[in-house]
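So the sequence shown is numbered by full-length UniProt numbering: it starts at 1 and just counts up by one.
Some hints could be false.
Unchecked claim - Mimicking BS3-like on lysine-lysine, the simulated pairs with C-alpha atoms at most 27 Å apart in a straight line are:
id : residue 1 : residue 2
1  : 291       : 421
2  : 280       : 269
3  : 405       : 291
4  : 310       : 280
5  : 278       : 415
6  : 405       : 349
7  : 310       : 329
8  : 421       : 443
9  : 415       : 280
10 : 349       : 386
11 : 292       : 415
12 : 415       : 291
13 : 421       : 280
14 : 280       : 291
15 : 332       : 443
16 : 386       : 405
17 : 349       : 292
18 : 264       : 235
19 : 349       : 310
20 : 326       : 310
21 : 421       : 292
22 : 278       : 421
23 : 291       : 329
24 : 405       : 421
25 : 278       : 292
26 : 405       : 292
27 : 443       : 405
28 : 264       : 278
29 : 194       : 180
Just so you know, the hints here were simulated from the structure itself, not pulled from any lab data.
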Amino acid sequence: MSSDDEFGGYEPTTPDVPKKSAPKPRPAVRVVAGPSSKPGPTAARRNQRKAPEVAEAEVEGHSEVLVVSSGDEDKTDKAPVVKGKRKATEPSVELAQPTTHLNGRPTAKAKGKAKANLANIADDMDVDEEQVAEDNIPKVRPSKGRTNAKTSPSSHEDTSTRRAQAEADALRREIARLQKRIEDADSLNENLGKQLQEIHQTRFTDAEQSANERVEQQQALVQAQERLIQEQSSKLAQQGALSNSGQLHKVEFLSREAVDEETKGLHTKNKALSDVIKEKDATITRLQAEKKELQSQLDNEIQMAMAQAKSTSGSTRNGTRTDDLKFTKAIKLYEDLTNFLILSVTTNKSPYYDYQETCYTCVYTLTDENGANPSLNFTLRHMWIKGDTLDSTEPVISRDELESKMQYSPLHLDKESEDFKRGLDFFRDPFLFSTDQVHIFLKTIQERLSAIQNPEGQAEGVKVDASQT
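Turn these sequences into a full structure, and let the hints steer you where they fit.
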């Protein structure tokens, strides 16, 4: 029996008013519910005229309802009841055989014997407890009219909806269970992977480590002995070949200690030669850098000389060099006054805007009454750089961000003595200073050289605000 058939009989029906018909003969066997005394003929005729469509039987102490519809005489709907069996002393209930109307006319009634059998089946049937809750089953509303054989469309739709919801709930529960199993399996897999990784990464104990080291040492010793045996075998083979040729040679066997000592001496000699090679390479690199710088200065001087020759070619051909003589005398006067000599001047393009960088190769000589005239060779490079307060990584966006600086770099200090270099103090290393401190720079050089010549009478002079590069 499908769920549609189970709930179809509980829908409300519209009673069908039976037509009055002529009295019919009383059935041979007819048992109905009622008092224990036999009803009179009037009551029998009244019951015969009613011809009910649905018979309901209620047993005291139980809630069992049997419904027989006119469209299906062999089917019975059973409502949930309390577990237990019907008492034998209770009166049996005989179901009234409904009258089926076909095209508005009543059909023949079923045989009395069949009705008696149906009643007996209802008496002998045990009442079992069902799993469906009693409150969830709709109650049957008694009706005096005939039961509609066809169920309403809404009942089928509700049943289909409930069935689909039940299937969807079951699928959701199954999916949740499978997802939980997948998560548990992933967690277990991860734990096993971690355990396996820990097992592979487990460090050896001290005993195992020492055993492995001993094994490695023994293997290395065996390999060394095998190589020695091969070397000795090759030597013996050579000696055998020489002896066969008639030449006599003395075979010498060296001990392991002698071989190690000889090898150690060779390693020491090799290391010393490597150090010498490194020193030579450093000297070559330094000389190449100096050569490159001198070549650059030479090229600049050649270009300046050519430009000057072009500008003064007319006056030279005429033999008039009055301006050059005046310029030379002025330079000589400055040199005599300051003991500051400029040997060469070179210019290069600055990386900022259209500025030029000028490099002066200078020498300062201190005149001493004792006849010792110490001198200091150096270069002064006039350049434009970013201010100290600005970020060096950011590009220059204005000329105001640039500052005019002089870079001092000493020359040929490797030819001077250690006392002379110590007396120079911070003049031993390159540094930068502002162009407005050139006079302080010259004064400080004079004081440093004077202090080197006269260590006892040196006085602390003014220092240049320099920053070492």
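Going down the list of hints, with the structure as the test:
1. At most 27 Å may separate the alpha-carbon atoms for a hinted pair to count; residue 291 and residue 421 meet this at roughly 24 Å.
2. About 17 Å separates the Cα atoms of residue 280 and residue 269, which keeps this hinted pair within 27 Å; it holds.
3. For the hint pairing residue 405 with residue 291, the CA-to-CA distance comes to about 26 Å; that is within 27 Å, so the pair holds.
4. Under the criterion of a C-alpha separation no larger than 27 Å, the hint pairing residue 310 with residue 280 is inconsistent with the structure, at around 45 Å.
5. With a C-alpha separation of about 22 Å, the suggested pair residue 278 and residue 415 falls inside the 27 Å cut-off, and the hint holds.
6. Between residue 405 and residue 349 the alpha-carbon distance is near 15 Å, which keeps this suggested pair within the 27 Å criterion.
7. Among the hinted pairs, residue 310 with residue 329 is consistent with the structure: their alpha-carbon atoms are about 22 Å apart, no more than 27 Å.
8. Between residue 421 and residue 443, the direct Cα distance comes to roughly 18 Å. Compliance with the 27 Å bound is thereby established for this hinted pair.
9. This hinted pair checks out: residue 415 and residue 280 have alpha carbons roughly 18 Å apart, not beyond 27 Å.
10. As the CA atoms of residue 349 and residue 386 are separated by approximately 16 Å, the hinted pair is consistent with the 27 Å bound.
11. Between residue 292 and residue 415, the direct Cα distance comes to roughly 20 Å. Compliance with the 27 Å bound is thereby established for this hinted pair.
12. With a CA separation close to 17 Å, the supplied pair residue 415 and residue 291 stays within the 27 Å bound.
13. In summary, the hint linking residue 421 to residue 280 is supported, as the alpha carbons are separated by about 24 Å, within the 27 Å threshold.
14. Taking the CA atoms of residue 280 and residue 291, the gap is about 16 Å. The hint holds against a cut of 27 Å.
15. Pair hint residue 332 plus residue 443 holds up; C-alpha atoms about 19 Å apart against a cutoff of 27 Å.
16. With a C-alpha separation of about 10 Å, the suggested pair residue 386 and residue 405 falls inside the 27 Å cut-off, and the hint holds.
17. Taking the CA atoms of residue 349 and residue 292, the gap is about 18 Å. The hint holds against a cut of 27 Å.
18. Taken as a hint, the residue 264 and residue 235 pair is honoured in the structure, with Cα atoms around 23 Å apart against an allowance of 27 Å.
19. Only pairs whose Cα atoms come within 27 Å are accepted, and residue 349 paired with residue 310 is accepted, the gap being roughly 22 Å.
20. Restraint check for residue 326 and residue 310: the C-alpha separation of about 19 Å stays at or below 27 Å, so the hint holds.
21. A hinted pair counts as satisfied when its Cα atoms are at most 27 Å apart, and residue 421 with residue 292 qualifies at roughly 26 Å.
22. With a C-alpha separation of about 26 Å, the suggested pair residue 278 and residue 421 falls inside the 27 Å cut-off, and the hint holds.
23. The hinted pair formed by residue 291 and residue 329 fails the criterion: a straight-line CA distance of about 33 Å is larger than 27 Å.
24. For the given pair, residue 405 sits about 25 Å from residue 421 by alpha-carbon distance, which is consistent with the 27 Å threshold.
25. Restraint check for residue 278 and residue 292: satisfied, since their Cα atoms lie roughly 21 Å apart, inside the 27 Å limit.
26. For the hint linking residue 405 to residue 292, the alpha-carbon distance of about 24 Å falls within 27 Å, and the restraint holds.
27. This hinted pair checks out: residue 443 and residue 405 have alpha carbons roughly 18 Å apart, not beyond 27 Å.
28. Taken as a hint, the residue 264 and residue 278 pair is honoured in the structure, with Cα atoms around 21 Å apart against an allowance of 27 Å.
29. Taken as a hint, the residue 194 and residue 180 pair is honoured in the structure, with Cα atoms around 21 Å apart against an allowance of 27 Å.
Hints 4 and 23 from the list above are not met by this structure, while the remaining hints are.
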